[in-house]
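Sequence lines, in order, name chains A and B. Per the numbering used here, the first sequence starts with residue 1, numbered consecutively. Per the numbering used here, the second sequence starts with residue 1001, numbered consecutively.
Hints should not be assumed to be uniformly reliable.
[Claimed, not checked] With a straight-line Cα cutoff of 20 Å, these simulated EDC-like cross-link-like pairs (lysine to aspartate or glutamate) come out: (1) B:K1325 - A:E100; (2) B:K1360 - B:D1342; (3) B:K1174 - B:D1469; (4) B:K1325 - A:D35; (5) B:K1174 - B:E1474; (6) B:K1325 - B:E1365.
The set of hints was computed from the structure by calculation and includes no laboratory data.
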Amino acid sequence: MRRSAGVLGAAILATLVLTAAFAGQLAPYHPLAQDLAHALEPPSNTHWLGTDEFGRDILSRIIAGTRIELLIGVGTVAMALVAGVAVGLYTGYYGGVVGEGLMRLMDILLAFPYLLLALMVIAILGPGLLRAMAAVSILTIPQFARLVQGLALTLRERQYVEASRAAGASGSYIVRRHLLVNMWGPIIVQATLNVGASIIAAAGLGFLGLGAQPPTPEWGAMLSTGRDYMLTSSWVATFPGLAILVTVIGFNLFGDGLRAAIGG
Amino acid sequence: MRNGWVRRGVFGALAAALVATLGPWMPGSGAAPALAASRGASETVRIAIATDPTGLDPESVLQNEAGFVMSTIYDGLTKYRPGTTTVEPGLATSWAISQSGRRYVFTLRRGVTFQDGTPFDAKAVTAWLDRILNPRDPHYVGNQQGINDFNHFTFGDVGSYKALAPDKVAITLKKPNAEFLADLAMAWSGVTSPTAVDRYGYGLMTHPVGTGPFAFVRWARGQYIELRANPDYWGGAPRVGEIIFQEIPEASVRLLSLEQGKVQILGDVPPQDVARLRHMASVRVLTQPGLAVDGISLPVQTPPFNDVRVRRALNYAVDKRVLAKDLFFGLAKPMNSPDSTDEWSYVAQTSYTYDLATAKALLREAGYPNGFAATLYTYTNPRGYNPAGGAKVAEAIQGDLARVGVRLTIRQMDFAAFLSTVRKASFSGMASSGWSGDNGDPDDFMQPLYGCTAFDTGNSSHYCNKQVDAWFAEGLRTTSEAARKKIYAQVEARIWRDAPWIYLVYATQVRAESADVHGYLLNPTEMFFDMQRVSISSH
């Protein structure tokens, strides 16, 4: 059951990656091409998912948006992963006053409601896609830091680590050769699961107008503008919403499957 | 290793989809309808508004929604005849203007009391003026922090004022001001009760007391404002017992509330929903040309916009007709003068008709054959003069200008942040710009947008032409309408040629009411609600 769900997740992800890779070839129209004379047309043979308020083809925008969403998801998690793993390894292996201070900072980040913190970051940096990614990324750091710290605390008590230390290995050698190599499994599982959450978070910021700026075909922003036409042209909001839903479910199913397979 | 955030991720996605699908069917804020229902619906008119007013002290706020509410609570010395901007007697029954055009003697209406029982007389008028004009007055409005007001515009020319008799007040201006009487009728010129001012001080913002047809009862911030009929109103008792201004931020929820009879009047209607409303038997859609313009201001002192050929090129590059038809759903007309078609001073100019060849030729001539890059600042919400919303129009303009090589980056902000960005002398970007006329006078319609002293109000293009400014001054000094017409004709032709804006559209004012509402009239100044004659037929 879990396995087949994981396979389904993998299939969704493969589709997304292929769509992003060949977005230019797949999209029937240019995602930014306006045609006001054909604004808000319902799904038809010419526009499979209809057109938005500027007469842009919604299918083409969703396809072009795949790239942006994947970039957001993978980019924010990659940034958070690098910082989070560094913090986690330091605090887990070395500890000390600095480590203690870093972990309290992580606790503070975790304690804040994510949207509030994201709004604070954006209030300082200003709106924009990269800044929204930075905001989401900062919020994701503690997830990795906590995970890696826990793993490092366990691993450093293992006999082979103690043996290595007794043999005169340096701290950085042990961290690289004994700790890090043995935690990649759980880290990757965590990362996969976080990609979905990051996409949702960035879409939320886009929905509030604080993420991607127009005319970028970011799904959250598309959902937000589509809301204005909900009563008369529901397709404008529905399809970007479904795209977000399917993508996030895909990442989560894949992450769960991965965890089952390699034992997170 | 369960992860709450990830779980929430899945539910977040589901919730996002649910909101998108079900949002419009969720009920609005609930407190007020229940409260009103217990008193009988035939007695109450509920008006849906999109935003909470910023305050209810007429001389300390400048926001349309605040105007909606205040126009039912307060009267000015003059008044607009319902549905027009024609000035007629208000709290003053008549006035005499000296030969010089500077001294006004107002005869006050007798037997009027404020809603708190304070008599309205010359003493109340001078106390009201003290509060606006005298920095030594303990309640001087100018000493408040962070308020937005229109007092300089309205009262900036007042030199002195004096009570001559219990029912006579003289106001002397430093120089003649042709729109002074119209200014006194604005939503921002309501006469406040001196007793309430003594009692609440700056707290008048949330405890408004005037002489108007409705008296303030309570304000549940972010939910509703309740007003009770003033049976002693000098213009006759109102025909409904109560008004509730109910705040409903979601446009679709407002619309469904009208459809379900939870509210009777919609304070504003997004253009995309008009077609649906027109098909509903129990609803009337009210439209009026309105005193409203919408455009994009161009920073005329910054290259490449300091070249008039560039500014004209951008005007030719935007298809205003399609914009009006498709983005505003036909509820707008392309601009063909900086003045409103509804003003007596309006003169049609030669349109910048959509013409890509001319636009490209002008850009080539100016030295930009391949266009250029620029930033356009805009706001996210709809406005009275731009019901489609700033960002939507900006995006359409971005698409149009790309065709002549002008690459726009859009910076969208919430309205407050937007205003504080563009209303600065240092601002040098393109900006969504617009104006709703306050008093039906051409000076109010153009000077705040194109006057040299208006960089911190509506003139975000920083257009400053000494000749135009001299005409503005002359227009205010001149009292004969025929002579003023000639002056403003010159102003309009000049500003139009100089093209400090990409002139877009005159937006139609749209509101909606349920069929059982009677006597409700739109006013060309969109910040007005004339509620005194409104009634509701019983079922």
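Next on the checklist: Please list, smallest to largest, the hint numbers that this structure does not respect.
Outcome noted: Those not satisfied are hints 1, 2 and 6.
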